[in-house]
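Based on the sequences and whatever the hints tell you, model everything.
In the order they appear, the protein sequences are chains A and B. Position one of the first sequence corresponds to residue 2 (my numbering), numbered consecutively onward. Position one of the second sequence corresponds to residue 2 (my numbering), numbered consecutively onward.
If you're looking for bench data, these hints aren't it; they were derived computationally from the structure. Check each hint, because a few of them may be wrong.
[Unchecked claim] Here are the simulated lysine-lysine pairs, DSBU-like style, with alpha carbons at most 35 Å apart:
1. A:K173 / B:K248
2. B:K193 / A:K248
3. B:K120 / A:K193
4. B:K150 / A:K150
5. A:K193 / B:K257
6. A:K79 / B:K193
7. B:K78 / B:K120
8. B:K257 / A:K252
Number of protein chains: 2
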Amino acid sequence: MQIALDAMGGDHAPGPIVAGAVQAVAADPGLHVILVGDRVQIEPHLSSAGANAGRIDIFHCTQAITMEETPVLALRKKPDNSISRCWQLLAERKVEAIVSAGNTGAMVAGGLRLRRFLKNVKRPGIAAVMPTLRGPCILLDVGANVNPKPSHLFQYGVMGSIFARRILQREKPTIGLMNIGSEEQKGHDLAKETHALFNGSALREQFIGNVEGRDINQGNCDVIVTDGFVGNVVLKVCEGVFDFTVKMIAKDVIGKLDVERGRAQQSLQDLVNRYDYSAHGGAPLLGIDGICIICHGSSGDQAIKNALAVAARYASAKLNEMIVEELEASPEITGDEE
Amino acid sequence: MQIALDAMGGDHAPGPIVAGAVQAVAADPGLHVILVGDRVQIEPHLSSAGANAGRIDIFHCTQAITMEETPVLALRKKPDNSISRCWQLLAERKVEAIVSAGNTGAMVAGGLRLRRFLKNVKRPGIAAVMPTLRGPCILLDVGANVNPKPSHLFQYGVMGSIFARRILQREKPTIGLMNIGSEEQKGHDLAKETHALFNGSALREQFIGNVEGRDINQGNCDVIVTDGFVGNVVLKVCEGVFDFTVKMIAKDVIGKLDVERGRAQQSLQDLVNRYDYSAHGGAPLLGIDGICIICHGSSGDQAIKNALAVAARYASAKLNEMIVEELEASPEITGDEE
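Encoded structure:
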């Protein structure tokens with residue numbers, strides 16, 4: 002398994018990015034990572050690779066897109082940037098997967114530019130794994146497609162369902178549509194038309210209708226479909242409220258304990274690490290011909306290591322083959338206008 | 002101050018609704034509540050009103066809209082429903098304010114039907130008060146207007162800012178636009194056009210640009226403007242993640258303590274009560290000629306009592322007069338197409 006890793010992407014790149022790669026190859030003898038970025042900045046962090054150094058290469062490039070840059074402009078202005086070089090390696094089939102903790106917009110735009118979508122896929126979508134009271138669920142799209150059509154959301158249901166089946170081990174995943182009420186006629190036109198599309202499709206048995214914001218963490222649903230604007234806001238609201246609640250409890254509940262304060266602080270920290278939204282191994286951009294994993298900008302070495310492992314599992318589960326197969330079985334969706 | 006209270010609205014109506022009214026008139030000698038609903042169901046709960054019974058009246062009506070009904074259909078099918086009767090009392094100026102914990106969609110639709118908007122207001126919006134690390138902030142719209150135009154969102158900024166000034170005592174409230182990134186060109190067309198509208202207006206000094214989902218609870222902003230679809234989802238996600246996080250911590254952190262477990266459980270319960278999203282006294286529908294407060298369906302007596310108090314403060318702060326004045330000073334917005 003060959004993976005290109007954007008060594009320049011992330012709030013603290015390249016240090017923790019390279020460290021994550023070193024740990025990943027040490028853990029998986031079948032893994033080969035190509036670090037894409039500035040050789041001079043990468044090399045000092047490679048010293049700890051030891052005996053596994055042979056499975057880490059550098060693909061040198063001279064430019065990097067920062068987190069603040071406008072994706073499309075940056076891609077145009079900096080032709081030798083690490084994100085474009087990752088996509089290039091994927092397009093040339095020199096790697097099976099690419100991973101980046103850099104500018105998400107640039108990562109998506111780089112993929113849209115190449116248009117290397119799986120057969121019949123209209124628009125790729127980013128799938129985020131969310132913690133719930135009953136194990137993880139999938140929320141998609143969380144930012145690739147802010148103006149989707151109903152058929153795009155339907156395809157996210159197809160792709161998310163396959164992801165839930167193969168990666169989260171749900172036998173027959175339930176699919177819900179993010180909306181502002183449970184009744185069928187709720188919401189804007191996009192929601193109503195998508196609702197009708199699911200109900201008239203082969204997925205109707207898995208489709209449980211509308212779900213609301215408070216259903217996500219209840220674990221009432223395995224796959225939640227929404228547009229990239231709402232999904233991205235929701236993802237960040239989840240992070241924010243989690244952080245807010247933990248801080249308030251740390252101060253007003255645990256901070257006021259006496260003898261067991263230290264113990265409670267330690268269990269709280271363990272829980273935070275377990276639910277850390279940035280450590281879940283990244284979010285796949287589903288619908289790409291290849292594997293593309295997008296990580297949180299704040300990803301540390303552990304998150305990068307996890308993301309590389311997710312990419313490897315994604316490949317061995319043959320997700321893309323299943324997506325192509327299932328979309329071919331939905332002619333009413335694949336045939337309509339984009 | 003005369004307030005019409007929908008006695009039939011809410012998950013457990015009319016019991017806690019009537020109890021909330023009884024407590025509110027006991028606490029505020031200037032308050033007069035008209036309970037709108039089925040006299041036979043209301044009267045048994047009035048026995049505790051005692052000496053204050055003279056300031057509680059019943060406006061009898063025979064029908065009630067349930068939480069599950071489709072708003073527009075229900076309003077048409079049930080002409081003598083308690084929500085329509087509340088609006089009627091407001092329209093006839095028999096009350097200054099109306100309060101309901103019933104079907105939110107029916108409450109909003111009832112108001113849109115009458116079209117008793119304040120001068121120059123294009124579309125009313127629901128403002129929710131959200132807890133943050135630095136005191137409450139305002140999020141609007143959270144469900145009245147799922148297909149807004151940029152000018153609607155701009156007006157939400159005007160109205161929310163006045164609410165923050167007069168009710169939350171912020172001298173010069175900051176206004177943010179909910180978006181999926183901080184850069185000006187982020188998001189869908191609605192976000193981009195609204196961004197430009199604020200920057201070209203008299204509010205530009207208060208406008209801090211885009212805010213993201215994780216900014217809400219940080220308290221980085223006093224007023225956050227968004228469309229009713231996103232706002233409603235966000236509000237419910239906040240409730241859901243808060244509940245999820247508290248449950249996980251109660252089980253995995255506090256549940257594992259020994260000697261201080263009971264004490265920690267009690268402080269956690271206190272914190273939950275303090276941040277209970279359903280107990281904040283309801284959300285005003287801003288832009289109405291009159292005062293309309295929408296409460297959470299699960300509202301208990303305390304929440305109803307708070308909502309009645311909020312309605313009274315809203316009236317005494319002369320919010321509506323200020324909204325009219327400020328909108329008259331934004332001719333570029335009030336003059337354009339709806």
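Verification of the supplied hints:
no., hint, in the structure
1, A:K173 / B:K248, "holds, 27 Å"
2, B:K193 / A:K248, "holds, 33 Å"
3, B:K120 / A:K193, "holds, 32 Å"
4, B:K150 / A:K150, "holds, 19 Å"
5, A:K193 / B:K257, "violated, 46 Å"
6, A:K79 / B:K193, "holds, 25 Å"
7, B:K78 / B:K120, "holds, 30 Å"
8, B:K257 / A:K252, "holds, 18 Å"
Hint check: a violation occurs at hint 5 only; the rest are consistent with the structure.
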